[in-house]
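Trainee: What follows is each chain in one-letter form.
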Amino acid sequence: MDKPLYEQYFNYISSLLHGDWGWSFGTSMPVMELIKTHWVYSFQLVLLSSIFAIVLGISLGIFTAVKKNSRADHIAAFFSFAGISIPHFWLGIMLILIFSVRLGWFKTYYDTSLPMLSLENLYALTLPVLTLGTGMVAGYSRYVRSAMLENMGKDFVRTARAKGLPESTVIGKHVFRNAMLPVITIIMLDMSGIVFGGAYITEVIFGIPGLGWMSLKAVFADDYSVVMAVTLIGAFLTLLFNLLADIAYTCLDPRIRYE
Amino acid sequence: MCGRAALLSAGIGLSGCLERASEGVNQSVNTTSGAPKAGGKFIEGASGADAETLNWILVADATSLGYIGLTLDGLIAYDNNFNTVLRWMKKDIEVSQDGLAYTVTLRDDLEWSDGKPVTSEDFVYTMKNLMFADWMAYSYAGDWKEDVEGKSVFVEPKVDNETTFTIHRKTVNPEFLYTVTDLNVYPKHIASRYEGDVKGFTQAPELNDLSYTGNLGPYRYKEWIRNDKIVMERNPDYYGGRVNGEPYFDEYTIKIFGTSEARHAAMEAGDISSTAIEPEQVKKFKEMPSVQVFTVPTSQYQMMQYNMRDNGWEGLRNKNVRQALSMAISKEKIIQQVRLGFGEPAYSFIPKTSPWYDETGLLKLGAGALYDKNKAKERLVEAGYGARKNNEIQVINKNGSQIKLKLVTNTGSNVAESTAFLVKQELADIGIEVDIKLVPWETELRKYYINKVPGSDQEPRNNNGARAVSEESWDLILAGHFVDLLQPSGSEIFFTSDGGLNIYGYSNPQVDALFKKARSKDAMDKNVRKEVYAELSKLVSEDQPLDFFTFPTANIAFKKGVLGIEPGINMNYNYQEWYFG
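Those protein sequences? They're chains D and A, same order as listed.
Just so you know, we're using our numbering here: the first sequence kicks off at 73 and counts up by one.
Just so you know, we're using our numbering here: the second sequence kicks off at 9 and counts up by one.
For the record, the hints were derived by calculation from the structure and aren't laboratory data.
A portion of the hints provided could be inaccurate.
Under the rule of at most 35 Å between Cα atoms (straight-line distance), these lysine-lysine pairs were calculated in the DSBU-like manner [stated by the list, open to error]:
no., chain 1, residue 1, chain 2, residue 2
1, A, LYS412, A, LYS372
2, A, LYS292, D, LYS108
3, D, LYS179, A, LYS372
4, A, LYS49, D, LYS108
5, D, LYS179, A, LYS292
6, A, LYS412, D, LYS179
Not everything, but these chain A residues come out facing chain D in the computed CB check (under 7 Å) [said to hold, decoys possible]:
no., residue
7, ASP106
8, ALA109
9, GLN410
10, GLU450
Small disclaimer: the values here were computed from a predicted structure and weren't measured.
Where a beta carbon is used, it is the ideal one built from N, C-alpha and C, also for glycine.
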């Protein structure tokens with residue numbers, strides 16, 4: 073601390089590059105060790121929730137777009153809005169009370185001693201994934217529906233139908249592919265943001281020692297080394313997912329090329 | 009388990025470790041016939057903050073002490089009747105006739121993990137080179153100092169032989185015995201590698217993973233996942249288990265929950281073996297066939313601290329104003345409405361469970377005739393904080409503005425939140441507006457507790473002198489103080505002018521002198537000491553640096569199958585003998 077600011081900054085960056093991310097006085101361990109231990113809990117939760125939300129949300133979005141204004145569309149809309157509106161902390165506690173306390177199907181908290189790549193672990197993550205994923209499913213289904221409907225009225229769709237292409241090809245190949253462009257952006261932004269913040273409430277309720285909970289505690293405890301590390305990783309992930317989104321655009325729309 | 013005699017400040021309702029201490033009653037022993045069975049995994053559910061370190065000399069929180077205590081027994085424990093139970097000692101501490109020498113005789117079968125014997129040299133080294141060292145800045149170093157010819161000096165520990173050491177004092181302190189019994193130890197051959205190097209000592213892997221603890225405790229460190237759990241495994245070499253094979257659990261886990269609701273749900277579902285229960289849940293848990301709930305007194309009081317420092321409302325520096333505010337808040341309402349009857353009114357810093365408790369002369373503000381909002385208003389007017397208009401009293405600041413106070417308390421506890429709202433309502437009745445700020449315990453400690461003189465290069469501490477202030481301003485803080493029932497003079501850290509946890513800036517030279525007297529030769533006579541404590545309690549209750557609310561009773565739930573528990577005072581003193589039936 074007795075050195076000039078620029079020197080301190082240089083030393084910090086140099087230590088970062090050498091894998092020394094400092095010492096967390098709030099947890100009494102090196103920050104690098106802390107991140108290495110805890111990132112996986114957040115990652116598996118976000119990954120599984122995202123897969124769940126993407127598969128279900130997109131399917132629901134396509135279905136409701138195709139069945140626009142039908143009874144099924146209205147029911148799906150109702151559940152989508154409910155899904156967006158229900159707070160995670162309420163849904164999580166309700167799921168615990170029903171499925172863990174009443175029915176005894178799941179443990180009331182996430183057990184970190186389970187092997188990471190095992191069916192037991194997958195089973196243990198069911199309720200947390202449902203809690204985190206429900207809002208995402210609801211959101212994605214609405215985005216997909218609206219993007220699909222926007223594209224379904226366009227000339228290239230009319231042309232495809234005029235050519236006599238089967239409806240499944242029109243919807244699956246032409247409409248869906250174009251509709252995914254804006255949806256990809258939202259999914260990628262969600263994934264980058266959720267790792268260090270969005271999963272916090274789910275982690276707290278189910279006792280998952282992920283980075284969301286860890287970073288928030290570090291903020292409250294003024295554990296600067298941890299806060300700086302998670303901010304840095306958060307920034308890196310935002311850039312990474314933006315890059316992935318850009319790459320995904322080129323796959324979905326051949327007109328987009330980066331030179 | 010939690011510190012044997014730790015004096016700690018704590019958030020309300022944070023169950024970092026199971027409550028210990030009681031009123032000295034012996035309730036029925038919960039056992040079955042036949043020998044205890046070994047096996048099973050015991051999981052204790054806790055809420056709030058995780059431990060900060062397992063390096064015991066750096067500890068300042070109850071949770072950390074609780075974790076460490078599973079692997080390091082300590083010199084003694086106290087049973088439910090305050091009787092001494094020898095742990096690392098072969099016989100009780102011998103105090104010389106003149107009260108100046110304390111001789112500790114260790115068992116000769118204590119070993120570090122590398123097989124080297126634990127010797128008196130380790131203890132003397134720990135004291136002289138670590139606890140008393142300037143570079144270490146040990147929080148409780150003050151307990152090991154005495155005033156000699158106007159100078160504050162450390163006591164002198166000396167090795168007598170392999171298993172015996174003596175601590176020499178130059179002045180008599182009748183309560184020093186309790187300080188000695190709290191002594192802990194590091195292996196000299198490991199700790200000396202880091203001597204003089206604060207960073208090295210703080211980050212030393214052997215000291216942070218408790219891998220040196222050998223046979224000194226019933227459990228051994230297995231795994232600590234921050235904000236999740238600490239897992240300790242049965243120590244087969246435990247010196248205390250050579251006859252009967254204790255401890256009986258294969259693993260002892262402390263699992264951290266983010267919310268009390270999740271913790272209660274885990275207990276209800278049978279996923280954990282034990283946890284503290286919040287008052288509103290007690291009835292429900294008592295009716296569950298699979299759960300047993302023990303209601304036990306605690307060694308703490310819950311209270312509201314008045315900020316007398318420069319960043320608090322100026323009125324709080326006036327004793328009469330503090331008394332008036334305490335007079336407007338009903339202790340009975342707190343006990344009945346918030347704690348649902350689980351507690352007793354508190355008027356002193358010495359809990360009723362202590363043998364030194366004396367009600368004589370205590371100012372019982374907030375109860376009986378001294379719970380009177382009109383009188384409270386009149387006192388505030390007399391102090392210059394109000395005006396009379398048509399027989400009505402309006403409580404206002406000296407400049408005529410509305411009095412607004414900021415009340416801070418910790419999140420994660422229904423009791424803390426409900427108490428805060430009750431205080432808000434009570435003070436609103438006398439015309440004072442209270443703004444409640446709920447913050448996590450970690451934030452409370454760092455933004456509202458630690459302080460320094462503005463503009464100075466002081467290292468922030470809980471009491472950096474009269475002119476020091478915390479980063480965030482505050483007027484009232486709801487919290488709890490754990491106290492040592494047998495040694496109330498330890499509370500000097502809360503009430504003397506330079507007390508290490510006197511965060512509110514309280515100062516009364518008479519109180520300072522009496523705390524010194526309680527630790528002087530005069531107080532060797534128990535009657536004198538009793539008088540000193542009675543006088544101290546009276547003075548502090550008159551000064552009201554804090555409004556003593558309640559001596560709470562704790563409700564601890566266990567799975568029905570957990571046996572060997574002795575509910576009552578220090579109910580965890582024999583936790584190594586618990587087993588699954």
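Trainee: Hint by hint, note whether the structure agrees.
Mentor: Structure-based check of all given hints:
Among the hinted pairs, LYS412 (chain A) with LYS372 (chain A) is consistent with the structure: their alpha-carbon atoms are about 25 Å apart, no more than 35 Å. Of the supplied pair hints, the one linking LYS292 (chain A) and LYS108 (chain D) is violated, its CA atoms being roughly 41 Å apart against a limit of 35 Å. With a C-alpha separation of about 48 Å, the suggested pair LYS179 (chain D) and LYS372 (chain A) falls outside the 35 Å cut-off, and the hint is violated. Note on LYS49 (chain A) and LYS108 (chain D): the hinted pairing holds, with a Cα-Cα distance of about 27 Å set against a maximum of 35 Å.
Between the alpha carbons of LYS179 (chain D) and LYS292 (chain A) the distance comes to roughly 20 Å, so the proposed pair stays at or under 35 Å and holds. Taking the CA atoms of LYS412 (chain A) and LYS179 (chain D), the gap is near 46 Å; set against the 35 Å cutoff, the hint is violated. Proximity of ASP106 (chain A) to chain D is violated relative to the hint, the smallest CB-CB distance being about 42 Å (cut-off 7 Å). Here the hint on ALA109 (chain A) is broken, as its CB sits about 37 Å from the closest CB of chain D, past 7 Å.
Residue-level restraint check for GLN410 (chain A) is violated (minimum Cβ-Cβ distance to chain D is 31 Å; threshold 7 Å). Interface restraint check: GLU450 (chain A) against chain D, minimum CB-CB distance 4 Å, threshold 7 Å, status holds.
Violation of the numbered hints given earlier is confined to hints 2, 3, 6, 7, 8 and 9; the remaining hints are satisfied by the structure.
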